[in-house]
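K.L.:
The chain contents come next:
Number of protein chains: 6
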Amino acid sequence: MSIPRNFAPVAPETLTMLKGVSTATLSAQLLKRGYAQLYLQGVLPLRPDLHMAGQAFTLRFIPAREDLARDEQMASGDFNNLKNKQRIAVESVGAGEVMVIDARGDTRAASLGNILVARIKARGAAGIVTDGAFRDSPAIKEIDLPTFARGQNPNISFTVHYAADINVPVSCGGVAVIPGDVIVGDAEGVMVVPRAEAESVARDGWEQERKEAFIYDKVVAGASIVGVYPPNAETLAEYEAWKQSRG
Amino acid sequence: MSIPRNFAPVAPETLTMLKGVSTATLSAQLLKRGYAQLYLQGVLPLRPDLHMAGQAFTLRFIPAREDLARDEQMASGDFNNLKNKQRIAVESVGAGEVMVIDARGDTRAASLGNILVARIKARGAAGIVTDGAFRDSPAIKEIDLPTFARGQNPNISFTVHYAADINVPVSCGGVAVIPGDVIVGDAEGVMVVPRAEAESVARDGWEQERKEAFIYDKVVAGASIVGVYPPNAETLAEYEAWKQSRG
Amino acid sequence: MSIPRNFAPVAPETLTMLKGVSTATLSAQLLKRGYAQLYLQGVLPLRPDLHMAGQAFTLRFIPAREDLARDEQMASGDFNNLKNKQRIAVESVGAGEVMVIDARGDTRAASLGNILVARIKARGAAGIVTDGAFRDSPAIKEIDLPTFARGQNPNISFTVHYAADINVPVSCGGVAVIPGDVIVGDAEGVMVVPRAEAESVARDGWEQERKEAFIYDKVVAGASIVGVYPPNAETLAEYEAWKQSRG
Amino acid sequence: MSIPRNFAPVAPETLTMLKGVSTATLSAQLLKRGYAQLYLQGVLPLRPDLHMAGQAFTLRFIPAREDLARDEQMASGDFNNLKNKQRIAVESVGAGEVMVIDARGDTRAASLGNILVARIKARGAAGIVTDGAFRDSPAIKEIDLPTFARGQNPNISFTVHYAADINVPVSCGGVAVIPGDVIVGDAEGVMVVPRAEAESVARDGWEQERKEAFIYDKVVAGASIVGVYPPNAETLAEYEAWKQSRG
Amino acid sequence: MSIPRNFAPVAPETLTMLKGVSTATLSAQLLKRGYAQLYLQGVLPLRPDLHMAGQAFTLRFIPAREDLARDEQMASGDFNNLKNKQRIAVESVGAGEVMVIDARGDTRAASLGNILVARIKARGAAGIVTDGAFRDSPAIKEIDLPTFARGQNPNISFTVHYAADINVPVSCGGVAVIPGDVIVGDAEGVMVVPRAEAESVARDGWEQERKEAFIYDKVVAGASIVGVYPPNAETLAEYEAWKQSRG
Amino acid sequence: MSIPRNFAPVAPETLTMLKGVSTATLSAQLLKRGYAQLYLQGVLPLRPDLHMAGQAFTLRFIPAREDLARDEQMASGDFNNLKNKQRIAVESVGAGEVMVIDARGDTRAASLGNILVARIKARGAAGIVTDGAFRDSPAIKEIDLPTFARGQNPNISFTVHYAADINVPVSCGGVAVIPGDVIVGDAEGVMVVPRAEAESVARDGWEQERKEAFIYDKVVAGASIVGVYPPNAETLAEYEAWKQSRG
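Chains as they are written, first to last, in my numbering: chain A, 77 to 323; chain B, 77 to 323; chain C, 77 to 323; chain D, 77 to 323; chain E, 77 to 323; chain F, 77 to 323.
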């Protein structure tokens, strides 16, 4: 099964820039563009040391139902990798993409476990995000792949979830995610950057972080926030001079 | 836009029978067939006096996002009925069908209001179910159409919801709903009857209700439940005789 | 199975008095005696028109587990009334008692349904309270027995609950209930009156209601609450005169 | 204690118009003015038959703490009406005002009971709104005053709440309420109309309801929503003609 | 007070094997045996580095009530260790057992603190599990005993909890726990292994982990999951050869 | 804007003692004085290694509303530090004080971020507590200032919160906080010590910790809790001797 990507790819440099910008800065930049709530509520990193940026490849779960998975199981009872959509998604996610799983916020069973995470990493994906849970979470923390979830749970996915769709618009952590959106993660969590905003947000976010580093240093050095954060003309001039001086 | 129905229609007599059986009885019949949880949790009738049975026609909401609805609005800012999927769904639901809306359990805004409910009724639908809310709920209670929701809320849908898909498998009240499933509602709430089970559940549910009416009368008359509920051979014989006697 | 009652019975006159006092008044009387929170949170009447007072007979559910009920089922799969504790409890509750069910606040399945409710009524019980749900709730509302629950749900109890104990101390609606406590219910909900407080609370509650009826009339007639609610010496004197005058 | 009102009063005619407009219509009108979420989530009417409109007079509770109320109690343990702010608020609310109570959404104890409700009505207030609970709720339902709450609970307020402030900006049902805002309630719940928007919302809401009544009749008569809801030029012309014809 | 153990002890080798198997593997093995949900939801390790396996010794809390603890306190107000069941349980838990506390998921006060944890460790217990909270949690993390909870809270247990029963069936984290069940914990959380399943689950879990280690290595090395996870005949043959080769 | 402090300052020695006592001990001492629940539920340290004690300086948020912040923004859209109360609070908190933010438990946006935290530290504050969230939480963890919150969230405060008041009584984590109360935090969380209790709680808490260290050592060495915890006369004598011996 070949899953089409109906969106423009984002340049690697842009992804690199976004990966270097904090989710807090992204939130500010997106708010300037009119987006108020693109943070995935309650979805936290298993590995806070790893940053992530990649375009969304989505998987949509609906609640498990006794009749739904029958045709997707083999005689042994195990999943048929060629029919079950969770498995198809794992074998379809592309290099540099972030798999985003809509688990309806339900952590009563896992969305997936360490063997599938290892496979997703082997395929070159940039990370995995679920608003459900991972199983084998201690083992997953050993894998150098950014992963984000609302919880951990050893129960197998199909006790609670049924994989219904691949690469459709989904809900994750209370936010709409459209295939192709840029998904950025850091120690604070995960932000959705709508595809059309990626380039300008990367550029302006980068500049914002430079300016705030300057402001932060002034504040640590004892400056009041008045006139400094937000900066007035004088502080901005100081900042410009500082930028010049650093080349 | 024409929405295909990829499922076998259920005969009107079967729907009539299902409409006459309580959700409690359906739950028991479905449990016998291996289905443990097909009740939509927390979804209650606006009109407990109306019973409902019809095949599911689904609408899937995802969270609203500032960029998603732009192309679906007219210059006035109002929805374009030809582009917005909530509106397309309203103009596509068929006679005898139940519109089932996946609102992710979110009642912070309505799924729809009284004018759309009136249109759905005018199209001959059998009812509407959302795990979100209705607006204009006092006016909707005046309409003789079975409606079920988790709450009431005057806020317009697009402040919280974006209509992403029509007639795909959805989650509603924590239960998977597949287009074509039979959706049955009474004063206790809503049960999903998987399409393939509809006929046998209707038939056996009908018989169960007759038998339990007999048992209920015995219990009210002072019988212990021992030997009666569940019935032993003697009680069953009594029941068969009672059935014969009533023709 | 005979279930011992290790507590002193409450006189019928006391129960009648308690049944005539509102849960709001009982809450005030119990607070005076040092009890701050004896209201069953979220447990509401199916029949707000019926008042209830009776001593607690308890049933404790724990979560269902696939192995627990095996020995309590008959070949047919139905409950064995002689082994299953939910059924034993139904056949053991006494005249004038209130069955209190600890369902851990879980409404994903029923605690019991209309046939068992009818049997409990036939045995002369004073009412039923669960912090779970009833099934067949529309039918139960037709029965003239006070019933109280946190929800309604057609699913059969054993999909979620297993009856573990009869007449032990339990939790219901976040409150400890000890067998023999007096359980009082009205349209506002359910209060637990610890056994040892029953008589004095009945007497003082009765007097409080009379006094507050007097105060209420004054307030409706335009009196400020200052000096009236709570009453000062003058208001109390007026009240005493009013009481005298009415014999 | 005299509580200042630092806001412009709303004309009685405007309040009358707002009382005649549904909360659903108000929500639409406020959205046009940029306000997305002014509905008090989860706050429902005790008397769905009564409509309400009045300017907000607020009371702010914080959590009870063992030391806070000491100075506000009399020797008897009862509240001192001259010191306790709940009581002062009751004796300060003005004719035509709506008392809005910030109870932090906490329904574990009441915000107030029937005697204070009666006093508030006697003072001529337009209604009472709490995001907590009422006690004596069955008795309150007998009073012809619009009241709205998240729950019912016989427990006395000070077991959970301490009245900290009168007529300051508060949170109620997740919405900011500023003294002087117009609070409108109907069977669907409660909307906050910011003071500055009251007049234009009343006028435009009234017109919206007339237009939607026209549209509703067309839809009931079988019209598609396409071209009708929202109305196109032709439908608008029809509407204008209909308005003319009715004078 | 001597607490009887009405169950067969599990052999130390079996406990050792279970302690070496992940909760994820146990969940899979239990699912094969028909148990879908035996993971304690939301109960997490204070010390993720410690694994635990032991038979359940249970303690059941109900909500605190002002009259219940009176007889269990000494003149000083402190608990009487000979009467209070929390204290009796601490002095009764056996070597190798896991104390499992049913705290109704309530973390508003602790289930116990560091001195009692130290005593339980001194008695040789294998660990402690509560679906409530620990107090002195920083100090408990210093103790080399596996402990698991839903939260941390310095408040003393009896402000919220009353110890009602020892070694009865309980609910913990939404799962039924029967005295004698094997309770296994690792960094992912806690699984209940019903007593009768312990031996076969230990044996098959051990084999499953070996096979999955083989599969994991193949996937890390670049293998698709198709044919590998689940393994087809060829992969199984490879695995058998690999096992042989390693003796 | 100068914010008055209407409370007696606590001596530095007392604050130092309180900072050295665990929240668990404080909870016990406060319970002896009649305070049952002064722990901020769900509010956890970002830096469990840092202890905190200081008098409360409060900031009260209410829900954001589209019209409220208009006058507090500059032409650029940024906050005006001289008008916005969050910013005024940051520039008003005093040396040794703890800023306590009432965020209504809402973590959907931050209460503040790292630049403001740095400024608060530069002003000499003792710490920051919110029952909402921090943004830039990874950067805040780098700052040597005790900070406590219910969550982390990159979204800017004014998307959800509006700063309404400074240094008034507030609710935080479900507990009343009065300006001047001593706020103590450690790895377990945050306790409120009412101003009037600070000195005696510090003194008795210190002694309690010494005694419990002695008891703890006995228990670790194998003593039963009977006679030891709580200590009987013999154990107390032993303790007194131990104290003497250590000078």
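The set of hints was computed from the structure by calculation and includes no laboratory data. Predicted model only: the values in this text are computed from it and were never measured. Be a bit skeptical, because a hint or two may be false.
DSS-like mimics (lysine-lysine), calculated; alpha carbons at most 27 Å apart, straight line [unchecked claim]:
#1 D:287 <-> B:197
#2 D:217 <-> C:95
#3 A:217 <-> F:217
#4 D:108 <-> C:287
#5 C:108 <-> D:159
#6 C:217 <-> D:217
#7 D:197 <-> C:287
#8 E:161 <-> A:217
#9 B:197 <-> B:159
#10 E:161 <-> F:159
#11 D:161 <-> B:217
#12 B:217 <-> D:287
#13 E:217 <-> F:161
#14 F:287 <-> E:159
#15 C:108 <-> D:108
#16 F:287 <-> A:287
#17 D:108 <-> B:161
#18 F:159 <-> A:287
#19 D:161 <-> C:287
#20 F:159 <-> E:217
#21 B:287 <-> C:217
#22 B:159 <-> D:287
#23 D:217 <-> D:197
#24 C:287 <-> B:108
#25 F:287 <-> F:95
#26 A:159 <-> E:108
#27 E:161 <-> F:95
#28 D:159 <-> B:161
#29 F:161 <-> A:287
#30 F:159 <-> E:159
#31 E:159 <-> A:217
#32 A:161 <-> A:319
#33 A:197 <-> A:95
#34 D:108 <-> B:159
#35 E:108 <-> E:95
#36 E:197 <-> A:161
#37 B:95 <-> C:217
#38 C:108 <-> F:108
K.L.:
Take the C-alpha atoms of residue 217 (chain B) and residue 287 (chain D), compute the straight-line distance between them, and say whether it is at most 27 Å.
P.N.:
Holds, because 21 Å separates the two Cα atoms, which is no more than 27 Å.
K.L.:
Check whether the Cα positions of residue 159 (chain D) and residue 161 (chain B) lie no farther apart than 27 Å.
P.N.:
Violated. Residue 159 (chain D) to residue 161 (chain B) sits at ~58 Å, over the 27 Å cutoff.
K.L.:
Is the hinted pair residue 161 (chain E) and residue 159 (chain F) satisfied, with a Cα-Cα distance of at most 27 Å?
P.N.:
violated, 58 Å
K.L.:
Keeping to a limit of 27 Å between CA atoms, is the pair of residue 108 (chain C) and residue 108 (chain F) held or broken?
P.N.:
holds, 21 Å
K.L.:
For residue 217 (chain A) and residue 217 (chain F), compute the direct alpha-carbon distance and say whether it is at most 27 Å.
P.N.:
Roughly 21 Å separates the two Cα atoms, so the pair holds.
K.L.:
Given the hint that residue 161 (chain D) pairs with residue 287 (chain C), does the C-alpha gap stay at or below 27 Å?
P.N.:
holds, 24 Å
K.L.:
Check whether the Cα positions of residue 287 (chain F) and residue 287 (chain A) lie no farther apart than 27 Å.
P.N.:
Given that 27 Å is the threshold and the Cα spacing comes to 53 Å, the pair is violated.
K.L.:
Given the hint that residue 217 (chain E) pairs with residue 161 (chain F), does the C-alpha gap stay at or below 27 Å?
P.N.:
Answer violated: residue 217 (chain E) to residue 161 (chain F) is near 40 Å, above 27 Å.
K.L.:
Need the status of pair residue 287 (chain F), residue 95 (chain F): alpha-carbon distance at most 27 Å?
P.N.:
holds, 18 Å
K.L.:
Hinted pair, alpha-carbon criterion (27 Å max): residue 108 (chain D), residue 161 (chain B). Please report holds or violated.
P.N.:
Judged against 27 Å, a Cα distance of about 22 Å means the pair holds.
K.L.:
Check the hint pairing residue 159 (chain F) with residue 217 (chain E) against an upper bound of 27 Å on the C-alpha distance.
P.N.:
violated, 46 Å
K.L.:
Are the Cα atoms of residue 159 (chain A) and residue 108 (chain E) separated by 27 Å or less?
P.N.:
holds, 21 Å
Violated hints, in rising order: 4, 8, 10, 11, 13, 15, 16, 20, 24, 27, 28, 30, 31, 32 and 36; the structure is consistent with all others.
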